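Number of protein chains: 2
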Amino acid sequence: YSGEGGAIDSNKQEIFQRKKNAVLVNGVILNGPITDSKAGEKFVEEACKIIMEEVIRKAADVTEKVCEWQPPEKLKKLLDLEMRDTGEPHQRLLQLCQDIIRYSVKTNHPRFFNQLYAGIDYYSLVARFITEALNPSVYTYEVSPVFLLVEEAVLKRMIEFIGWKEGDGIFNPGGSVSNMYAMNLARYKYCPDIKEKGLSGLPRLVLFTSEECHYSMNKAASFLGIGTQNVYFITTDERGKMIPEELEKQVQRARKEGAAPFLVCATAGTTVLGAFDPLDKIADICEKHGLWLHVDASWGGSALMSRKHRKLLHGIHRADSVAWNPHKMLMAGIQCCALLVKDNSDLLKKCYSAKASYLFQQDKFYDVSYDTGDKSIQCSRRPDAFKFWMTWKALGTTGLEDRVNRALALARYLVDEIKKREGFQLLLEPEYANICFWYIPSSLRKMEEGPEFWEKLHQVAPVIKERMMKKGSMMLGYQPHRGKVNFFRQVVISPQVSREDMDFLLDEIDLLGRDL
Amino acid sequence: YSGEGGAIDSNKQEIFQRKKNAVLVNGVILNGPITDSKAGEKFVEEACKIIMEEVIRKAADVTEKVCEWQPPEKLKKLLDLEMRDTGEPHQRLLQLCQDIIRYSVKTNHPRFFNQLYAGIDYYSLVARFITEALNPSVYTYEVSPVFLLVEEAVLKRMIEFIGWKEGDGIFNPGGSVSNMYAMNLARYKYCPDIKEKGLSGLPRLVLFTSEECHYSMNKAASFLGIGTQNVYFITTDERGKMIPEELEKQVQRARKEGAAPFLVCATAGTTVLGAFDPLDKIADICEKHGLWLHVDASWGGSALMSRKHRKLLHGIHRADSVAWNPHKMLMAGIQCCALLVKDNSDLLKKCYSAKASYLFQQDKFYDVSYDTGDKSIQCSRRPDAFKFWMTWKALGTTGLEDRVNRALALARYLVDEIKKREGFQLLLEPEYANICFWYIPSSLRKMEEGPEFWEKLHQVAPVIKERMMKKGSMMLGYQPHRGKVNFFRQVVISPQVSREDMDFLLDEIDLLGRDL
Numbered sequence: 001y002s003g004e005g006g007a008i009d010s011n012k013q014e015i016f017q018r019k020k021n022a023v024l025v026n027g028v029i030l031n032g033p034i035t036d037s038k039a040g041e042k043f044v045e046e047a048c049k050i051i052m053e054e055v056i057r058k059a060a061d062v063t064e065k066v067c068e069w070q071p072p073e074k075l076k077k078l079l080d081l082e083m084r085d086t087g088e089p090h091q092r093l094l095q096l097c098q099d100i101i102r103y104s105v106k107t108n109h110p111r112f113f114n115q116l117y118a119g120i121d122y123y124s125l126v127a128r129f130i131t132e133a134l135n136p137s138v139y140t141y142e143v144s145p146v147f148l149l150v151e152e153a154v155l156k157r158m159i160e161f162i163g164w165k166e167g168d169g170i171f172n173p174g175g176s177v178s179n180m181y182a183m184n185l186a187r188y189k190y191c192p193d194i195k196e197k198g199l200s201g202l203p204r205l206v207l208f209t210s211e212e213c214h215y216s217m218n219k220a221a222s223f224l225g226i227g228t229q230n231v232y233f234i235t236t237d238e239r240g241k242m243i244p245e246e247l248e249k250q251v252q253r254a255r256k257e258g259a260a261p262f263l264v265c266a267t268a269g270t271t272v273l274g275a276f277d278p279l280d281k282i283a284d285i286c287e288k289h290g291l292w293l294h295v296d297a298s299w300g301g302s303a304l305m306s307r308k309h310r311k312l313l314h315g316i317h318r319a320d321s322v323a324w325n326p327h328k329m330l331m332a333g334i335q336c337c338a339l340l341v342k343d344n345s346d347l348l349k350k351c352y353s354a355k356a357s358y359l360f361q362q363d364k365f366y367d368v369s370y371d372t373g374d375k376s377i378q379c380s381r382r383p384d385a386f387k388f389w390m391t392w393k394a395l396g397t398t399g400l401e402d403r404v405n406r407a408l409a410l411a412r413y414l415v416d417e418i419k420k421r422e423g424f425q426l427l428l429e430p431e432y433a434n435i436c437f438w439y440i441p442s443s444l445r446k447m448e449e450g451p452e453f454w455e456k457l458h459q460v461a462p463v464i465k466e467r468m469m470k471k472g473s474m475m476l477g478y479q480p481h482r483g484k485v486n487f488f489r490q491v492v493i494s495p496q497v498s499r500e501d502m503d504f505l506l507d508e509i510d511l512l513g514r515d516l
Numbered sequence: 001y002s003g004e005g006g007a008i009d010s011n012k013q014e015i016f017q018r019k020k021n022a023v024l025v026n027g028v029i030l031n032g033p034i035t036d037s038k039a040g041e042k043f044v045e046e047a048c049k050i051i052m053e054e055v056i057r058k059a060a061d062v063t064e065k066v067c068e069w070q071p072p073e074k075l076k077k078l079l080d081l082e083m084r085d086t087g088e089p090h091q092r093l094l095q096l097c098q099d100i101i102r103y104s105v106k107t108n109h110p111r112f113f114n115q116l117y118a119g120i121d122y123y124s125l126v127a128r129f130i131t132e133a134l135n136p137s138v139y140t141y142e143v144s145p146v147f148l149l150v151e152e153a154v155l156k157r158m159i160e161f162i163g164w165k166e167g168d169g170i171f172n173p174g175g176s177v178s179n180m181y182a183m184n185l186a187r188y189k190y191c192p193d194i195k196e197k198g199l200s201g202l203p204r205l206v207l208f209t210s211e212e213c214h215y216s217m218n219k220a221a222s223f224l225g226i227g228t229q230n231v232y233f234i235t236t237d238e239r240g241k242m243i244p245e246e247l248e249k250q251v252q253r254a255r256k257e258g259a260a261p262f263l264v265c266a267t268a269g270t271t272v273l274g275a276f277d278p279l280d281k282i283a284d285i286c287e288k289h290g291l292w293l294h295v296d297a298s299w300g301g302s303a304l305m306s307r308k309h310r311k312l313l314h315g316i317h318r319a320d321s322v323a324w325n326p327h328k329m330l331m332a333g334i335q336c337c338a339l340l341v342k343d344n345s346d347l348l349k350k351c352y353s354a355k356a357s358y359l360f361q362q363d364k365f366y367d368v369s370y371d372t373g374d375k376s377i378q379c380s381r382r383p384d385a386f387k388f389w390m391t392w393k394a395l396g397t398t399g400l401e402d403r404v405n406r407a408l409a410l411a412r413y414l415v416d417e418i419k420k421r422e423g424f425q426l427l428l429e430p431e432y433a434n435i436c437f438w439y440i441p442s443s444l445r446k447m448e449e450g451p452e453f454w455e456k457l458h459q460v461a462p463v464i465k466e467r468m469m470k471k472g473s474m475m476l477g478y479q480p481h482r483g484k485v486n487f488f489r490q491v492v493i494s495p496q497v498s499r500e501d502m503d504f505l506l507d508e509i510d511l512l513g514r515d516l
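For the record, the sequence lines run as chains A and B. When we follow my numbering, the leftmost residue of the first sequence carries the number 1, and every step to the right adds one. When we follow my numbering, the leftmost residue of the second sequence carries the number 1, and every step to the right adds one.
There's no promise every hint is true.
Pairs count within a copy or across copies, as identical chains cannot be separated in the list.
Claimed, not checked - Dumping the calculated DSSO-like pairs for lysine-lysine here, alpha-carbon to alpha-carbon at most 30 Å: (1) K471 <-> K76; (2) K42 <-> K350; (3) K349 <-> K256; (4) K364 <-> K470.
Note that these hints are calculated values from the structure, not bench results. If you're wondering where the values come from, they're calculated on a predicted model, not measured in any experiment.
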């Protein structure tokens with residue numbers, strides 16, 4: 001009997017003492033627990049101190065590195081990743097925690113601008129700690145009473161902000177999954193028989209989305225058996241917004257081909273450019289042709305919290321479904337993603353139910369309409385609404401609004417600075433918090449904008465990115481996009497970020513790239 | 001300018017002081033952060049104390065209630081769920097945390113036996129706290145260097161335990177999602193064109209699984225456009241195991257119908273009975289007919305860690321893919337679910353790639369084969385492997401093995417006790433940690449086993465369940481199943497649980513139900 005790894009050594013004797021009336025089955029002593037809860041609690045306390053010092057306190061400190069870059073093969077050697085037969089003692093484990101933190105990217109650092117999430121929100125963080133400690137799964141009221149009620153309350157408010165009188169929804173693991181949910185729901189609405197009979201023998205189902213849409217549209221279409229060729233990409237204007245006239249043409253084309261159009265996926269806040277499709281005009285076309293309108297507002301949905309900026313999503317109340325990720329600009333922590341549905345006739349349940357009798361017994365002693373498991377493609381599901389709820393409680397609606405307003409004001413400030421500075425060039429005037437721009441090193445500033453210029457400029461961003469990662473001073477994404485050579489995409493989210501960080505960003509790029 | 005809710009009040013003046021050179025854009029001051037990090041850190045520290053006291057320390061205490069039951073409408077009144085315009089002060093938020101914890105089910109209580117997860121694991125808990133504090137997303141090495149290497153290391157070991165020489169895999173949000181991944185992967189392998197062209201015009205694809213399989217098979221088939229009617233359910237024997245001869249017949253039937261069989265989903269550890277399908281014989285049939293073999297070992301996979309019990313999964317090395325959830329018997333915390341794939345020719349990436357240029361730039365300065373995002377249906381993804389890794393490091397392989405052995409020894413002990421006690425009747429001799437039994441109150445003990453007996457017995461478990469929930473003494477699931485009236489399903493997982501808890505379980509059921 002070897003006990004629980006290294007953890008238990010100190011109390012082993014005591015535990016053996018307690019086992020005077022030992023019951024042995026298959027050579028295993030079954031009396032008393034085999035974990036040393038005191039030692040376990042102490043370990044958690046000590047680890048929490050490390051987390052507090054090394055992650056949470058440092059999150060507010062711009063003098064700390066954003067990352068401690070190591071290439072994969074070297075990092076493997078620096079970390080002791082191997083899992084062995086014997087467990088490690090607590091001191092060693094705490095050292096491992098230090099190492100894990102040290103070499104991880106500090107996504108809560110004020111100068112982490114690399115993705116559509118950033119910063120630290122103390123309230124959602126507490127909710128996340130509570131979640132992990134309680135380890136719930138939300139499918140029945142029986143095992144998750146509080147978290148199901150919280151989800152209901154949060155969905156209700158999000159539905160209000162969309163502008164629907166009523167609706168339904170479900171939190172799920174990511175905007176990509178929300179988009180899949182919506183695609184399947186639209187298909188079910190179009191032809192409920194597909195749930196049982198599948199797509200075999202049916203005409204080709206076709207959906208429409210802009211060429212600036214998130215890549216999850218293709219993933220969803222292939223996963224759902226629709227096929228990526230049946231995603232018709234609609235041309236966008238120079239700002240990345242879907243052109244409604246082009247949509248109309250494509251719907252007609254699909255009809256002529258004998259295909260079955262069923263869905264339009266508009267985007268509110270595209271991933272790279274931050275563009276908002278003209279929802280109202282798109283809704284007109286959907287109405288005319290009887291198509292489900294889904295809005296992927298995973299990124300842009302948070303603008304709904306701001307009275308000043310919600311006009312970006314004008315017409316969203318006409319959507320049939322909306323994907324909205326509070327883990328992005330509202331900082332609820334990854335993942336916190338809602339799919340919201342206008343229908344209130346239990347469409348989600350009809351579409352997704354499998355009626356597992358071991359979970360959803362109908363002879364329970366409470367109102368089983370609170371059991372949401374049959375609305376989900378998952379079985380176990382995390383209480384992600386709770387993280388957003390805690391932040392909302394802490395800041396109030398006005399506090400959330402302030403965050404959005406400030407992020408967009410900072411974006412505006414950065415745009416103005418880019419315009420003022422030599423060597424920086426905006427890709428386009430942004431609508432939202434994505435600021436796309438080129439840095440042009442002095443060696444290229446006098447060159448004509450021909451093929452050679454673009455080819456050389458294309459190589460600038462990757463080099464600056466490498467240098468900033470190795471220095472650890474900040475993290476910022478770059479990409480080529482639709483014929484445009486590599487450019488930086490700056491995203492402003494966190495309330496920890498200030499104008500000084502915007503100035504730093506431009507100074508630092510110039511510093512890192514001026515010799516190129 | 002209202003600041004960040006209630007949180008900031010104390011430091012408001014100081015912050016205004018700091019903003020002497022205020023830059024205003026759209027009425028928003030952009031100098032300095034708007035969050036008060038000191039107050040935020042203090043809030044996190046105080047909340048952590050509550051979590052430590054109210055959740056973690058009490059997890060080891062059987063005298064605490066498992067749940068503080070309240071019906072939905074009453075609980076809504078007890079909790080202050082409403083999100084208002086103005087934020088709440090920290091003291092009020094801490095009170096809310098207390099309430100959330102109070103009315104939540106203590107899934108880490110030694111007498112929570114309600115689901116296929118239970119107990120507290122201090123190591124995975126620390127990993128989860130680190131994850132939440134760092135808030136990573138695993139899709140590129142650039143933003144998640146450590147967690148991607150950890151995932152690679154964990155997958156490698158899990159693959160070894162399955163018995164494959166090589167393989168691939170991905171952690172994802174749930175066994176249901178793992179099963180969907182596998183179904184889609186098998187379909188892609190069967191006909192790669194489906195990714196682009198979809199299912200329209202193709203013959204009917206058919207898959208096979210046992211009638212005891214998890215309900216996610218139906219969910220997956222409908223979500224993927226295959227249709228639930230094209231899931232052919234194979235008869236099981238009296239222990240809930242798929243009958244290979246029946247599988248052979250059904251494959252032939254599908255062929256005769258002109259359908260296209262492509263996949264067999266065997267189950268290793270069914271949800272209700274804990275049955276293991278005969279994998280070796282099923283693999284023979286799959287080989288003969290050229291069918292992909294997926295094994296849903298979400299629940300039973302953990303037996304692979306035990307040299308004594310891994311024979312339950314004899315033949316699993318012949319599978320093409322395996323779903324295995326370390327968040328169940330290995331207690332890694334919800335969710336921790338791996339899909340493992342034998343193929344090593346990058347099938348996952350070929351099947352799932354969408355090649356988003358803003359994430360997966362090919363001109364990065366490191367080996368981009370470490371970027372795993374294109375193997376996933378998600379975009380953002382949590383580092384779930386890390387939780388399991390931490391526990392594995394802490395306990396060692398032998399410590400994990402001890403846990404499995406002990407859980408199954410406890411299950412064996414409970415079975416023997418049930419056989420000894422009057423009024424308890426086993427449904428069947430279990431293979432694994434699911435012990436299914438009826439409690440027969442004294443009023444029914446002399447009744448003949450006719451329709452009236454079964455009808456009355458059917459009503460017993462729900463009443464006892466209601467009473468135990470209202471008392472809060474333990475939580476245990478019941479269900480009707482395939483013609484059998486409501487019975488209890490006891491599941492033993494946690495190393496905190498002892499023989500005394502097994503005795504208590506039976507005593508308590510008798511106490512709560514003897515008057516029925």
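Evaluation of the provided hints:
no.: 1; hint: K471 <-> K76; verdict: within (20 Å within a copy, 51 Å between copies)
no.: 2; hint: K42 <-> K350; verdict: neither (48 Å within a copy, 46 Å between copies)
no.: 3; hint: K349 <-> K256; verdict: neither (34 Å within a copy, 35 Å between copies)
no.: 4; hint: K364 <-> K470; verdict: between (58 Å within a copy, 13 Å between copies)
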